[in-house]
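In the numbering used here, the protein residues as written are 1 to 385.
Please keep in mind that the hints were generated in silico from the structure rather than gathered at the bench. The reader is advised that the hints may include incorrect statements.
Now the in silico label distances, taken between C-beta atoms and shown as ranges [unchecked claim]:
#1 E340 <-> N189: 31 to 41 Å
#2 N351 <-> R61: 31 to 41 Å
#3 E115 <-> E256: 33 to 43 Å
#4 E256 <-> N351: 18 to 28 Å
#5 N351 <-> K269: 45 to 55 Å
#6 R182 <-> R62: 57 to 67 Å
We put the beta carbon where it would ideally sit given N, CA and C, even for glycine.
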Amino acid sequence: EEERKKRVEEEEEKKRKVEEERKKRIEEEERKKRKEEEERKKRREEEERKKRREEEERKKRREEEERKKRREEEERKKKEDIERKKREEDIERKKREEDIERKRIEEIESKKRKEEEERKKKEEIEKKKRVEEERKKRKKEEEERKKKEEETERKKIEEIERKKRREEEERKKKEEIEKKKRDEEERKNRVEEEERKNRVEEEERKKRVEEEERKKRVEEEERKKKEDMERKKREEEVDEIARRKMDEEKEREREEEEEEKKRVEREKKRRLEVKNRKWGEVKKRDDARKREVEEKRRKEEEEEKKVETLQDMKTEEKKEEENTEKEKKAEIEKREEKKEEQEEKKRKEENKKDEVENAIAEPPAKKRKRDSNDIDDALAEMVKK
């Protein structure tokens, strides 16, 4: 009987071992399959990245070639205009540069004043916050002191009622803390609303200042044109000096253009910040999307090191990936084109509105002057370029 039991146990042990080995083989095969699937996926993603990079490079080359063609055509036209109007434009350019330099200095000073005003406003707001917090602390300390005195008196009077009052006081404390929290939140909301109103008022004030400066420039340019007509006879001798200063003027113009680009970039960032403050939920979603993209990019970089030895892809998989990639690119390009069209429409509508408002506000004589000034400015800009 014992030998039979041993045999039975040995047979069961063998069966168990066989079953475990079978499970291990199955798990090993599944691991291999998963590994192969991951490797195929990595190869596919690597190919997609390569294709995207190649497509971007082709796009950049096409854009660069188009820019070169446009640049060459513009330079050819500009040379013809420059040869015809070089002497007149040199004199006008010097005057405009002086005006630009003067205006730039005024703009820098106005910016400094605005920054100083904003800094003072922030300091006042912070000061109010500190005063409010100190007042609350004093109030809280006074209330606690009074409560302690009341508690000592109540202890002397009656021990039984003391417990009930203590519970009531704790409940009141909680309510006061909650009330203070609500008051603090309401105060923060009011401060944010005031800051937003201040920003809106500041933007409107900037627009008014810019409009006044534009009107002043128009009047100043009209006056200078009259003076230029009178001075043209005397300024023939200045041409030789103006030619020598051409290089310096070009350098200054380039620096001014760079400053203008930076200013436009800062303005874009500011508008984006305003939009993000208005649409906080959108910003949160964008931030989450950015984090996901960053995480994905980090994973891709880690996977790129592993994928270097896995370059054996099948032709059928390549075709499928190319088709899917083309479809994705087509969809992305369509979306980008739609976005660009919408933005272009918005800009055109805003420009039309501004033109209509300016046309309504300006008298006919001033409008004719402005049109002539715009033509002169366009010619001067061509010469500068």
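> Of the numbered hints stated previously, which ones are contradicted by the structure, given in increasing order?
Replying inline: 3 and 5
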